[in-house]
Amino acid sequence: MNVSYRAEIIQKLTAREAIRKRPRMYVGATNGQGILYLVCELIHNSIEEALAGYCNQIDVDLNYDGSIAVTDNGRGISTELYPKTEKSFLESVMTTMFARDCGSNERYKVTGGWNGFGLAVVNALSEWVKITVWREGKTSSQKYERGIALTELEVIPSTEYRAGNAARTGIQRYRSL
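Residue numbers (my numbering): 7 to 183.
Treat the hints with care, since some could be wrong.
Simulated crosslink set (DSS-like; lysine-lysine; CA at most 25 Å straight-line) [as the list claims (entries may be wrong)]:
1) 149 <-> 90
2) 93 <-> 149
3) 149 <-> 136
4) 144 <-> 27
5) 93 <-> 144
6) 136 <-> 93
7) 27 <-> 149
8) 90 <-> 144
9) 136 <-> 90
10) 136 <-> 18
11) 18 <-> 93
Since the hints were made in silico from the structure, they are not lab data. Since the structure is predicted, the reported quantities are computational estimates derived from the model, not experimental observations.
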């Protein structure tokens, strides 16, 4: 059998395509165990804020529609422009592998998640995600479907001071592959 290995047969996938094509590489399973892993990643982001001393309340809601919401009172994910992707840092974290400063000693001494690609994996494998960030007197939100941003980042001034994140996701519809 003469099979030639040539450059033109190699596929280049985006992070989202790679995650959706081979979910087991990222979550270990495509059944309930994989879903649990995704839920844990959402919670780990809040736990990292708590371990670093920036958060003292984490709420996890299992909703009647099967969606899951995790809310914390941490610092909130930055919504500033991230030069490496030319998108907001929030959108970069939600859609790009390793778009995070976990390697920096200034941010966290202890981490509990996937160190830079957890939210991108959760987003890619969720039917939908709505994330809200309260930071620096503003409320920012964005919606995603299967890892793709459906809306631009919406930023509105907030009348109350609040900090933290809320992520609500439809990972219950995660499809088994």
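Structure-based check of each hint:
| no. | hint | verdict |
| --- | --- | --- |
| 1 | 149 <-> 90 | 22 Å, holds |
| 2 | 93 <-> 149 | 15 Å, holds |
| 3 | 149 <-> 136 | 4 Å, holds |
| 4 | 144 <-> 27 | 36 Å, violated |
| 5 | 93 <-> 144 | 18 Å, holds |
| 6 | 136 <-> 93 | 17 Å, holds |
| 7 | 27 <-> 149 | 22 Å, holds |
| 8 | 90 <-> 144 | 23 Å, holds |
| 9 | 136 <-> 90 | 23 Å, holds |
| 10 | 136 <-> 18 | 28 Å, violated |
| 11 | 18 <-> 93 | 22 Å, holds |
The structure fails to meet hints 4 and 10 from the earlier list, while all remaining hints are met.
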